[in-house]
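Respectively, the protein sequence lines represent chains A, B and C.
Sequence positions in the first sequence follow the numbering used here and run 1 to 460.
Sequence positions in the second sequence follow the numbering used here and run 461 to 1417.
Sequence positions in the third sequence follow the numbering used here and run 1418 to 1611.
Since the hints were derived computationally from the structure, they do not count as laboratory data.
Among the clues, some could well be false.
[Claimed, not checked] Residues from chain C shown here face chain B by an in silico Cβ test under 10 Å; the list is partial:
hint, residue
1, Ala-1481
2, Val-1514
3, Leu-1518
4, Ala-1521
5, Pro-1524
6, Cys-1588
7, Phe-1589
[As the list claims (entries may be wrong)] Selected chain C positions facing chain A (Cβ under 8 Å, derived; list incomplete):
hint, residue
8, Glu-1480
9, Gly-1483
10, Ser-1487
[Stated by the list, open to error] Okay, the calculated beta carbon distance ranges per label pair:
hint, chain 1, residue 1, chain 2, residue 2, range
11, A, Asn-329, B, Glu-1346, 47 to 57 Å
12, A, Pro-343, B, Ala-1345, 30 to 40 Å
13, A, Pro-151, B, Arg-1349, 32 to 42 Å
All residues carry an ideal CB built from backbone N, CA and C; glycine is no exception.
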Amino acid sequence: MADLAIAQELNPALVLGKPGYADVTRKVAGIVEGRMPRVWYIAIACTGTLTLALAAMLAYLVTTGIGVWGNNSPVGWAWDITNFVFWIGIGHAGTLISAILFLFRQRWRTSINRFAEAMTLFAVACAGIFPLFHTGRPWRAVYWLFPVPNPALHIWQNFRSPLIWDVFAVSTYATVSALFWYTGLVPDLATLRDRAKTRGRKIVLGLLSLGWRGSARHWRHYELAYLLLAGLSTPLVLSVHTIVSFDFAVSVIPGWHTTIFPPYFVAGAIFSGFAMVVTLMVIARQVFNLKQFVTMKHLENMNKVMLATGLIVGFAYATEFFIAWYSGNRYERFVFLNRAFGPYWWAYWTMVCCNVFIPQLFWLKRVRTSVPAMFVISILINVGMWFERFVIIVTSLSRDYLPSSWGYFRPTPVDMLTLAGSFGLFLTLFLLFVRFLPMISMTEVKGMIAADSAHSGDRP
Amino acid sequence: MSERNPCNPVSLPGDEFPEGASVLDATSRRTLLKLMGASLGLAGLTACSRPVENILPAAKGVEDQIPGNPLFYATAMSLGGVATGLLVEAHDGRPTKIEGNPDHPFSRGAASAFHQASVLGLYDPDRSREVMHEGQPSAWDEFAAFAKGHFSAMAAGERLRFLSQTVNSPSLEAVRAQALNRFPQAKWIEYEPISEDEALAGAELAFGRAVRPIYHFDKADAILSLDSDFLALDSQTVGYTKDFAARRRVASEKDTMNRLYIVESQFSVTGAMADHRLRMRSGDVPEFVADLARELGLLPAGLNVLNNDPRRRWLAALARDLKKNAGRSLVVAGPRQPAAVHAAAHWINQALGNAGKTVTYVETPRRPQIAALKELAAEMAAGRVETLVILGGNPAYDAPADLEFSRFVKKVAVTIHLGVERNETGVLAKWHLPEAHYLECWGDARALDGTASIQQPLIQPLYGGRTAVETLALISGHKDQRAYDIVRNCWLAQWPGAHGEKTWRKCLHDGVIPLTASPRVEAAPDAKRIAAALAARRTATGIEVNFYPSASTWDGRFANNGWLQEAPDPMTKLTWDNAALLSPATARQFGVANGEVISIAAGGREIEMPVWIQPGHADQSISLALGYGRTACGHVGHGAGHDTYALRTSAAPHVVAGASVTRTDRTYKLATTQEHHSMEGRPLVREASLDTYRKQPAFAHKPDEKTNLFQLFPRFSYDQGNQWGMAIDLNACIGCNACVLACQAENNIPIVGKEQVMRGREMHWIRLDRYYGGPEEDPRAVTQPVACQQCENAPCESVCPVAATNHSPEGLNDMAYNRCVGTRYCANNCPYKVRRFNFLDYHKDVQEVEKMAFNPDVTVRMRGVMEKCTYCVQRIQEKKIQAQAEGRRALRDGKILTACQQTCPADAIVFGNINDPQSRVTQLKKQNRDYTILTELNTRPRTSYLAKLRNPNPELA
Amino acid sequence: MSHLEDSILEQPGSSAAQELAAYGAVAEFDSPENLLEAIRSARERGYSRLDAFTPFPVHGIDEALGEKRSRLGWIVLIAGLAGAFAAFMLIWWTGAVDYPLVVAGKPLFAFEFSVPVIFELAVLFASFGAVIGMFLFNGLPRLYHPVFQHSRFERATDDRFLLAIEADSDCFDAGGAAEVLRALGGEHVEVIAE
């Protein structure tokens, strides 16, 4: 009954204009079956080029060495791991929306979860590139990624290392998200299959949908499987960024060695993830005219989540400073003063402005519900979140215990192009997704319409 | 490679080590071994080979050579006319590592950075490889033919001049005598830019004769250095450091230390060690000495320029201290100081009764060089020189600018240049002859006090180079005499009879020839003359410029040595460059910052130099390192730094007064290995005065310092077998670069180049952290050698995903290079930041011949691999295997020496088994000064430090 | 009205042949409510084997069809435990048995540093268990199914709701079943061959 109550209260804003089941199919499947608008071709041309740049930069790196990046001693990790954590963070919104909001019966997730899950997968794919290539010799990383002994030494992995935990966490997360996403897709693929005109589409979609026929018996197992996956993904998504934060929290470097990191990182991840969803959703909704299904209610809710997580992140920043002062540890104190007023002050204050101050605008309903405003703010938030990782990683490393070995990191053009290239890859994958797969879960939207009509009498 | 190497004909070898080596620069060690086999096989065919030349290893006979096991040979290297006895490690006929010769009075087992790096100089691919005649490749035979014709036609040789570097070789002296005998009218000139001219003039002034003071720092309780960096650049040998450090080392709070006062313009290594340092322009030092003389009552207490000056108190206290320690005090004058200061120093030492105790005098054949060179230049200018034979050296680059050597040398019809590299002088010469490196030729050399050593070759000349004696013999006698015969005969002549051969063998083995030290002389200084000379001195005002030898390139001869170029200057930490060193105040006065280019004008000459602000430098004074800005040198040194000789004249070769400085709007990128110079109040180098130490012997430990911190898991026990550890005495360490270079040579550490150093990617496994404390204008400086601390709870190990770094049962933090994937996580998590990552393939440009310098016992790391100090694990293993072979399980303490420890002139580094209660390292770690850095992290480092002490004068404290 | 249907009505005699090879009778309904209604009354008439084909999970259809709760949960639980055990064995065997190495003075195996990997592998195995188990229970992938022959099946993944009275249910005869379905308001009633 509880969910119905929520449904009633949310319903008016979640789907506009009381569409019938067929309208949903026509609308969503229509995007995939029809021609893409011109802007899509322009977009993919640009992002494709960036993706090629990424490939070129990685090839250069592998043939020449990490030296083509700005990394140095003491700053052994710089943009490489910054980008890794950034992308992994983005990759959290999808599962969060699909799994956690699902468990909480937050029905407003319905028309955005597919979209967000896809984004998760692509973000994780981008994230994966960096730890793999930051060794400069990715072919060696096989010893590191998988428990295979080194042919020369037969040494196994060191399971005390957070990097190994990372490998397991990130690969598990990628796999489970993919399963979750695909499971959700199967019924929609069946719909597409049954609408397919050409033989080729029939075959491909037939195979992909595994012969799904929407039988009541199917749905019975399907719904339970989906629920269980949601239940499994919820602790998983929390564990992933917790473990990523262990890379730092487990070390001895002042500014890294902090117990606050796990919750702080998870909040930050959700923060940036939602920001990215909004950025992309606002565009997609415009281009493909999905205002009927992705309503202001959805956007506003996401903005509220951003406001909340933004506050958590801001609180974390403050706590770090308090603890640094309260601990009385001279190295700890120095690191945080150095962040705010040291050579990297500009990075620190960019971070604070974008992540703490600007999101406060979301207190105003006018801003919360203004598409241009949320578009700009969501982009700024991701700028800020990138800088957060940069500040944590680089400022801590550049000035740690022994002043004699302090250094300053300067990025090279290769660093920059690699980052830009990772965005290229992310967006390219995304454009392909909206082209070939239903970006809104028709099944779930129909289910919601049915549930609504059930107690609002009228038939769709 | 090989096409660049004209394989000069070598006869079939008959001796123990391969003559074939000279054609092997392009080939691998494997081939070298093959050839060695062949050469041994052909040993019988002595008929067609030169006489067998036996060199004798210091340790074992060659017949014991086991391929793969190194052999050590005693030899000697000369720098600035002063020899240091060395032991050279040879792997299968390749010299790979230099050590000091324990039997040599001025080495006693230690070697300097220059000695350590000289092995790379041997394999320098840019070395002169062939005889050049007017820029065209030629051959020794052609030169021999030419020489025969040219010199036999010559009568008394009144238009013949010889120009050599400082001669400290008895055999060369002998051959020189023959040559001058053959050409009675010819003149022989010695010149090196870093010379003892002023000291000699000072001795002349004080004693009326050329004597050289020999200092005995081990006997001195109070030492005053007058602008003398006697621990580093102003002594060409390491003996003095040994003696000095011996008096800094204390076992407990009851021990005593010497006290060092220094008056200097540039902040030198010696200045950093001083207990009291007074920074003043070099030009003011004479006045200071005069005042000291007055203070000591040697001069009538008349007008005193320091009268109302804060330094007055300093001076008074110093004088009292010197007096108090009469007979145990010592005044040392620096080579940049004028004759009067040297004379005054002699005078004061005499007056205080130090002469004969802390300083003795020996005869020296040296004569002032610049005057002679000036004369030669004049003759050349006047066209009175027809033939100029330049035996070594590079006057075209380093002669005083006003002599315009490179211009007038063109007026000489025939110039013959013998040089290890075809340098600025070589390219101007009609004939250029490749000179043999000291490691590839026979010779002999005298140490500071005249003690002679035989210089044994370790390998056949790689490029068919010859020595000065051989060339000279060729010129004067027209006969192709081998250095071996010349040197051997020269000495056997002195040991007549049957014992000759035996003595010869013994001298080769020991590396020292007994009873060859120059006779001591008792000399009384002439007070009147000195007083007059002091009175005659007038302090010049305005900006002064000092020239000092570079810690990397010396006078420029090591400019092409990558190890030295990349070794950070001990004080400025600059690499690959020299700079105009200014005090912060003077920099403010000119409104310049680090890296801004200024133009310095003096005596109508002008050079442009980037600025480097040196805290503690004297105001109104600029220090310029010599030896940079080479134009005709190899690819390594080319374009490194700025040529400062252009400002150096014969009139003012050391200190130029009245210079003017103008800013340019250009900046220049300088590469430094240390960007932050304050300890930020962190207890890294712990320091106290001897007094404080006596009052609170445990000052090195904070009261709340816990050594047994709580840890989650039970502590891993390391109480079995050998447990390696190291103790570094910060009180002895002077911060010279010897250990850095020794480590580089021992562990095949790559050279990364200036651009990479600017990115912070230098690879040195041991670094010298130099911190300033106190006021910026006049700080104290401390140095701390930091290599891997070999933590028992190593933070680097727990984060490595592939367990590429883990712990050996003997407590070593090992690296498995072929397991390392290169995540750099270990380096991030190392609180001491001692790990070094191969960001690029730093061995890419290493040429074949350079590979001969590699230590075969140490892996060469590829790109993407992390590396760091291993406590010289290869040396540990070698000795363990040896011990087992000799049926001993236990290793005797002191058997295993790490490369840094072995070369350290101050004996500051001690390595050993901390499980052995008797070992020296255990003893040191028991001392109350012993502490570890960042103890609170519970890393439990195996390397600990002994806190630094200073011994200030209570009056000034 | 498809002619298959007519043929059934016109020649009942031949229906036996149909029955043998029949998958069942399938009808289309236009809303979940009608579907549920039909299911209930069909069951009242004693048809035990019913199946519905809907574009989305219809609320309460399991109760209507009398389906028991899915046992997928057990599969997932077992898979999860297997994952945890595999992770434990991996860490313990590689670190403490096969190649023991002293790392940072830490023990060769400790539960503390094994937690993350054990958790992750448990989740990974469990998720595979859920997805693979679900498809196996559903007999998927199965690219052909008789119901695909229904002339309006494509609407079953769009906006319509199909109800099938399967041939193997008690007292099934094609004609009767079709009749019943039509009576219950089903359109496009078709008897579909196996």
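Hint check results:
1. The interface hint given for Ala-1481/C is violated, since its Cβ lies 55 Å from the closest Cβ of chain B, which is over the 10 Å cut-off.
2. Taking 10 Å as the C-beta cut-off, the interface hint given for Val-1514/C is violated, the closest approach to chain B being about 15 Å.
3. Interface hint status for Leu-1518/C: upheld, as the beta-carbon distance to the closest one in chain B is roughly 5 Å, under 10 Å.
4. For Ala-1521/C, the interface hint holds, the least distance from its beta-carbon to any beta-carbon of chain B being 4 Å, beneath 10 Å.
5. A hinted interface residue such as Pro-1524/C counts as satisfied when its beta carbon comes closer than 10 Å to some beta carbon of chain B; here the least separation is about 5 Å, so the hint holds.
6. Annotation: Cys-1588/C was flagged as interfacial toward chain B, and the flag is violated, the nearest CB pair being 67 Å apart, outside 10 Å.
7. With a least beta-carbon distance of about 63 Å to chain B, the hint placing Phe-1589/C at the interface is violated under the 10 Å criterion.
8. Interface restraint check for Glu-1480/C: the shortest CB-CB distance to chain A comes to about 11 Å, outside 8 Å, so the restraint is violated.
9. Hint on Gly-1483/C is violated. Least Cβ distance to chain A is approximately 11 Å, over the 8 Å limit.
10. At its closest, the beta carbon of Ser-1487/C sits 4 Å from a beta carbon of chain A; the interface hint therefore holds under the 8 Å criterion.
11. Distance hint for Asn-329/A and Glu-1346/B: a CB-CB separation of about 52 Å, consistent with the stated range 47 to 57 Å.
12. For Pro-343/A and Ala-1345/B, the Cβ-Cβ distance of about 56 Å falls outside the hinted range of 30 to 40 Å, so the restraint is violated.
13. A C-beta distance of roughly 34 Å is found between Pro-151/A and Arg-1349/B, which places it inside the suggested range of 32 to 42 Å.
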